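**Q** Here is how the chains run, residue by residue.
There are 4 protein chains.
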Amino acid sequence: MDKLRRPVKQMDIRAKMTVDELVKEMGGAAFGAGRLAEALDVYEAMLRDDTTKFFGLAGAMVPAGMRKIIIDLIADGYIDVLVTTGANLVHDLIEVWGGHHYRGTSVADDIELRRQQINRIFDVFLPEGHFSTFEKKLLDVFAAIDAKDMSIRELLTEIGHRVGADSIIGVAARKNVPIFCPAIADSVIGLQAWLHTQTHKLNVDTFKDLHEFMDICYNANRTGALFVGGGVPKNFILQSMIVTPKGGFDYAIQLTMDRPETGGLSGATLDEAKSWGKVGEEARAVTVYADATITLPILVAAVRERLERK
Amino acid sequence: MDKLRRPVKQMDIRAKMTVDELVKEMGGAAFGAGRLAEALDVYEAMLRDDTTKFFGLAGAMVPAGMRKIIIDLIADGYIDVLVTTGANLVHDLIEVWGGHHYRGTSVADDIELRRQQINRIFDVFLPEGHFSTFEKKLLDVFAAIDAKDMSIRELLTEIGHRVGADSIIGVAARKNVPIFCPAIADSVIGLQAWLHTQTHKLNVDTFKDLHEFMDICYNANRTGALFVGGGVPKNFILQSMIVTPKGGFDYAIQLTMDRPETGGLSGATLDEAKSWGKVGEEARAVTVYADATITLPILVAAVRERLERK
Amino acid sequence: MDKLRRPVKQMDIRAKMTVDELVKEMGGAAFGAGRLAEALDVYEAMLRDDTTKFFGLAGAMVPAGMRKIIIDLIADGYIDVLVTTGANLVHDLIEVWGGHHYRGTSVADDIELRRQQINRIFDVFLPEGHFSTFEKKLLDVFAAIDAKDMSIRELLTEIGHRVGADSIIGVAARKNVPIFCPAIADSVIGLQAWLHTQTHKLNVDTFKDLHEFMDICYNANRTGALFVGGGVPKNFILQSMIVTPKGGFDYAIQLTMDRPETGGLSGATLDEAKSWGKVGEEARAVTVYADATITLPILVAAVRERLERK
Amino acid sequence: MDKLRRPVKQMDIRAKMTVDELVKEMGGAAFGAGRLAEALDVYEAMLRDDTTKFFGLAGAMVPAGMRKIIIDLIADGYIDVLVTTGANLVHDLIEVWGGHHYRGTSVADDIELRRQQINRIFDVFLPEGHFSTFEKKLLDVFAAIDAKDMSIRELLTEIGHRVGADSIIGVAARKNVPIFCPAIADSVIGLQAWLHTQTHKLNVDTFKDLHEFMDICYNANRTGALFVGGGVPKNFILQSMIVTPKGGFDYAIQLTMDRPETGGLSGATLDEAKSWGKVGEEARAVTVYADATITLPILVAAVRERLERK
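Residue numbers (numbering that gives the first Met the number 0), protein chains in the order written: chain A, 0 to 309; chain B, 0 to 309; chain C, 0 to 309; chain D, 0 to 309.
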């Protein structure tokens with residue numbers, strides 16, 4: 000019977016497997032393992048195809064240790080358009096300006112941390128003093144920027160050219176990879192802009208980004224998106240397809256722990272996105288329900304292995 | 000021993016209990032029931048106190064049937080400041096302009112839905128045709144608005160005065176309850192603004208809202224926040240306390256299915272927020288891990304019962 | 000169009016609503032609220048029909064404060080067959096023998112608790128001393144029981160007749176409601192049996208229960224099941240239908256936070272159960288994804304209100 | 000400051016990394032990645048130490064493709080005691096007797112599947128006909144076994160000696176690795192035992208296993224446990240420590256998607272287990288919140304790489 004064509008192949012796990020060899024074994028299996036293997040196949044196809052590659056980055060991925068992965072993906076041409084949260088950019092800037100995140104614990108006394116001026120992000124600790132440096136540096140950058148009308152993307156490029164290339168925001172500026180951050184006011188960058196604009200001008204238009212973003216979508220040949228978490232980055236990338244005549248993304252991968260049953264966009268399935276035309280009817284689309292700090296490094300290691308092979 | 004002061008009281012559930020009577024029984028219990036009862040106590044105290052009341056509304060709560068609850072809370076003075084997503088405002092406008100959401104099913108054939116021009120939001124169906132009406136009406140509103148520099152909040156108030164009071168955006172305008180929506184570009188309102196600004200001017204500044212929002216925070220006496228879901232609304236409300244000298248929210252309630260372990264802000268505990276000074280050391284703060292479409296109506300019914308009583 | 004027949008009715012929440020009035024308002028809504036309202040309709044229909052009523056009770060529901068709800072459901076004829084975990088029975092016996100559970104906190108220092116001999120169950124504290132009483136009492140009961148071959152159900156009935164009627168196990172014995180607990184060895188009852196059988200005989204057969212349980216299934220007219228959590232109780236109830244000619248349960252309600260994507264039986268959908276014939280093709284079946292300590296009291300309060308009405 | 004000793008090291012992901020090299024990079028990171036790296040360190044230490052190694056296997060891991068991993072772990076001495084569910088043993092026997100599981104889809108029409116006699120386990124399909132073979136074979140085995148009093152473990156060993164070594168149950172019998180399955184009646188093995196015992200004798204005692212299991216615990220020097228999922232296997236392994244004078248497990252690793260907030264044992268933290276004395280005060284214990292079909296293969300590949308190295 001047609002439904003019984005592909006027997007589950009029990010995984011064979013040995014010492015010294017490469018990451019791609021591991022994921023290949025998962026390819027015969029089901030549940031999360033099977034989905035991760037499928038995600039890798041989709042990712043490889045998306046990267047080999049003539050695809051405009053969108054990357055949606057939500058969650059506290061920079062504090063968690065995923066910053067260099069993103070930097071390298073941009074540097075090596077795996078990302079054409081980055082959409083992210085203010086928080087990831089804030090923490091990126093904190094590190095490029097000399098700060099560090101620290102391995103802490105999730106079972107902490109938060110009031111004691113407060114008194115020691117340590118901010119907690121699950122099991123990551125961040126000295127509050129880093130924000131003083133951040134504030135000073137960012138206000139300097141704001142002061143140096145021409146206050147002419149600009150989009151959020153343009154503001155981020157301006158910042159990017161004023162920080163080292165060993166940062167997401169810096170490498171993106173140098174590689175002409177646009178960073179979109181629709182909710183930038185919802186971050187410590189926004190709070191500094193508030194301070195700055197009490198005495199200076201800084202004209203950043205809320206909707207201006209959409210012209211550039213929609214142009215990218217219109218001019219794309221094939222389109223693919225990798226979503227780490229949901230939130231604004233996921234929705235902003237997907238909604239573009241409602242008004243473009245593309246018929247939806249051709250490739251879509253979602254790495255998330257969010258669940259569909261609450262009805263929120265973050266946990267929505269990529270099938271649901273097909274009903275809106277955000278993901279194409281014929282698209283290759285897969286969601287992996289597991290911690291993205293585990294699945295993203297696997298995908299990246301394995302796809303690099305595959306692409307390097309030929 | 001001090002740790003063994005409060006025995007669990009087994010819930011006594013009878014016919015014809017009022018919602019507050021039900022939650023009172025939960026007050027002797029543990030796990031989610033105990034937390035919901037505690038949330039009600041915090042909500043009551045927050046409403047009786049001289050509190051500036053923030054409401055963070057994420058998730059697809061309007062399609063799910065929570066719209067009238069929010070309208071009534073605004074109308075009756077339970078909300079002083081609303082922070083929400085573009086999606087909730089879009090769906091609010093769809094209904095005030097004559098559209099409807101429909102009870103569908105989450106196990107649908109999304110490609111068939113696509114062909115029938117029905118958009119799915121988990122188990123809610125929305126005819127795509129509603130967006131044509133939405134587009135026409137919103138472009139009319141944009142055309143009627145003076146294109147002078149404004150904030151997102153001001154834009155929403157302008158829209159609010161042009162729609163019926165039987166909507167979130169309409170009642171908020173009439174009751175002078177500001178609506179903040181930092182990620183408004185990430186919504187169909189944003190997409191219409193993109194269309195509009197291809198031929199017209201509309202100057203909405205990204206950071207201007209922060210001045211008004213921070214003024215509200217500075218001028219507040221006591222502060223309380225009810226969060227339905229996480230996302231931008233939660234972070235935007237909480238981050239204000241980093242730069243105000245208040246020492247954090249005095250009351251905070253979070254209704255969510257998100258979990259802390261992924262490290263994202265949506266699932267972060269309110270204890271974690273204390274390490275940042277976003278929630279006060281002495282604050283009354285509680286998270287209820289359950290579907291907000293169930294817990295919010297319970298909280299609202301029960302707190303109305305309590306407040307009406309005296 | 001057929002898919003657009005039932006508009007979402009925005010919930011109208013007022014003071015002094017009864018629980019059934021609240022759930023009725025949820026009946027016009029979607030997501031969890033809509034499912035809870037549907038679950039109530041199914042529960043009411045199942046109770047009014049000529050149904051053999053199975054109740055699957057997993058999770059630490061007794062420590063959480065749901066014990067009296069279960070006792071009253073048995074006393075009032077809402078449960079014909081109870082399948083549960085050893086843990087729920089252990090905690091039931093702890094209370095009937097004078098012990099208490101206590102409201103604690105989930106952010107505790109567990110090593111300090113260990114030193115104070117306090118056992119933690121999420122935010123419930125249990126003095127370890129209660130287990131000494133439990134041990135003594137249970138060994139007395141074991142000593143009084145005739146060591147003839149018996150099933151687990153028969154052992155539990157023997158215990159039930161030797162404890163007060165103000166317990167799950169006691170009321171079930173008096174009302175002739177059989178309690179099945181296939182994994183009883185996996186509990187402190189099992190550990191006491193281990194102690195007892197070092198010096199005494201106690202012959203409890205692993206498979207004997209199945210004869211009685213399958214007879215109940217064969218003799219049932221219509222069948223319904225309410226599952227609180229998943230685990231062994233859910234599977235044990237459902238698997239019976241694989242070998243009975245009934246074609247699956249006629250009614251099924253599942254209250255759980257578990258998710259389908261991990262592939263485990265606890266989170267499996269009731270649709271999946273239809274592929275096995277465990278739930279009938281025409282069955283009324285609904286899953287509510289929310290904390291059962293919140294949803295079970297709601298269902299019970301509302302269904303009692305409905306049944307009392309006529 | 001002591002809390003700020005260990006900076007997050009941003010992961011460096013390259014092509015052709017081995018699995019252990021990947022996890023080592025995760026070792027500098029936080030959230031799930033950091034926990035997985037810590038789990039690997041604990042697993043390595045546990046395997047190198049003079050440890051009695053318990054393995055708790057819940058969830059539908061055999062249908063998902065993890066069967067050979069378990070077989071090889073037993074064959075190579077990585078597991079001393081296996082505690083599992085009836086379902087995993089049933090699906091193991093289905094495969095050793097010539098059946099297969101198939102890759103299907105989780106968005107299936109379950110009523111159509113029912114009519115085609117295909118059972119669904121999330122995205123795995125199983126032809127119902129396999130159960131006819133299973134039934135015939137198992138009844139033959141039951142008929143061949145001496146009906147003397149035995150424990151569940153002894154029954155499973157009897158079965159194991161009658162099936163091929165290319166199965167969990169077969170290899171365990173040959174390697175003298177005891178399999179405990181307290182809830183065996185809650186499985187299709189139980190249903191066959193019900194059929195068999197309608198006409199034959201089969202005396203399997205519910206509590207007899209505990210003597211052997213507790214002896215293993217008493218005689219152990221150091222103890223370690225790896226839990227895949229929760230359920231009965233997790234509780235059964237942990238509860239042994241309540242009555243042994245060991246002071247709890249020395250090593251514990253938990254791979255799960257369950258969450259603590261519902262209060263159930265499956266999602267309970269290993270810290271909570273310390274308050275009971277189930278996990279030792281000084282134990283190395285870590286929980287990884289991610290799909291076990293992804294994390295278990297990673298752990299196994301990486302630990303094999305490490306152990307082979309020296």
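To be clear, the hints were calculated from the coordinates, so they are not data collected in a lab. Incorrect hints may appear among the rest.
Note: identical chains are not told apart, hence a pair may lie in one copy or across any two.
Each computed DSSO-like pair below joins lysine-lysine, with the alpha-carbon atoms no more than 30 Å apart [to be verified]: (1) 67 - 245; (2) 147 - 23; (3) 8 - 147; (4) 147 - 67; (5) 136 - 245; (6) 200 - 8; (7) 23 - 2; (8) 15 - 135; (9) 174 - 135; (10) 23 - 136; (11) 135 - 2; (12) 200 - 136; (13) 136 - 2; (14) 23 - 245.
Keep in mind that this is a model prediction, so the values were computed, not measured.
**Q** Classify it for me, residue 23 with residue 2: is the Cα-Cα distance of at most 30 Å met within a copy, between copies, both or neither?
**A** within (22 Å within a copy, 40 Å between copies)
**Q** One pair to classify: residue 136 and residue 2, alpha carbons no more than 30 Å apart. Within, between, both, or neither?
**A** For residue 136 and residue 2, only the inter-copy Cα distance (26 Å) is at most 30 Å; the intra-copy one is 60 Å.
**Q** Between the shortest in-copy and the shortest cross-copy C-alpha distance, which are at most 30 Å for residue 200 and residue 8: within, between, both, or neither?
**A** neither (63 Å within a copy, 38 Å between copies)
**Q** As a check of your reading, is residue 136 near residue 245 (CA-CA no more than 30 Å) within one copy, between copies, both or neither?
**A** between (42 Å within a copy, 25 Å between copies)
**Q** Evaluate residue 15 and residue 135 at a C-alpha cut-off of 30 Å and name the case that applies: within, between, both or neither.
**A** For residue 15 and residue 135, the Cα distance exceeds 30 Å both inside one copy (48 Å) and across copies (42 Å).
**Q** Taking 30 Å as the upper bound on the Cα-Cα distance, should residue 200 and residue 136 be classified as within, between, both, or neither?
**A** within (17 Å within a copy, 33 Å between copies)
**Q** At most 30 Å between alpha carbons: which applies to residue 174 and residue 135, within, between, both or neither?
**A** Result: close within a single copy only, 26 Å intra versus 39 Å inter.
**Q** Treating 30 Å as the Cα threshold, decide for residue 147 and residue 67: within, between, both or neither.
**A** neither (32 Å within a copy, 42 Å between copies)
**Q** Is it within, between, both or neither when you check residue 67 against residue 245 at 30 Å Cα-Cα?
**A** neither (33 Å within a copy, 37 Å between copies)
**Q** Please work out whether the CA atoms of residue 23 and residue 245 approach to 30 Å or closer within one copy, between two copies, in both situations, or in neither?
**A** So residue 23 and residue 245 fail the 30 Å test inside a copy (32 Å) and across (42 Å) alike.
**Q** With identical chains, the pair residue 23 and residue 136 could be close in the same copy or across copies; at 30 Å between alpha carbons, which is it: within, between, both, or neither?
**A** Answer is neither; intra-copy 46 Å and inter-copy 34 Å both fail.
**Q** At most 30 Å between CA atoms: does that hold for residue 135 and residue 2 within a copy, between copies, both, or neither?
**A** Answer is between: at 25 Å across copies they meet the 30 Å cutoff, but 62 Å inside does not.
Comparing the model with each numbered hint stated earlier shows that hints 1, 2, 3, 4, 6, 8, 10 and 14 do not hold.
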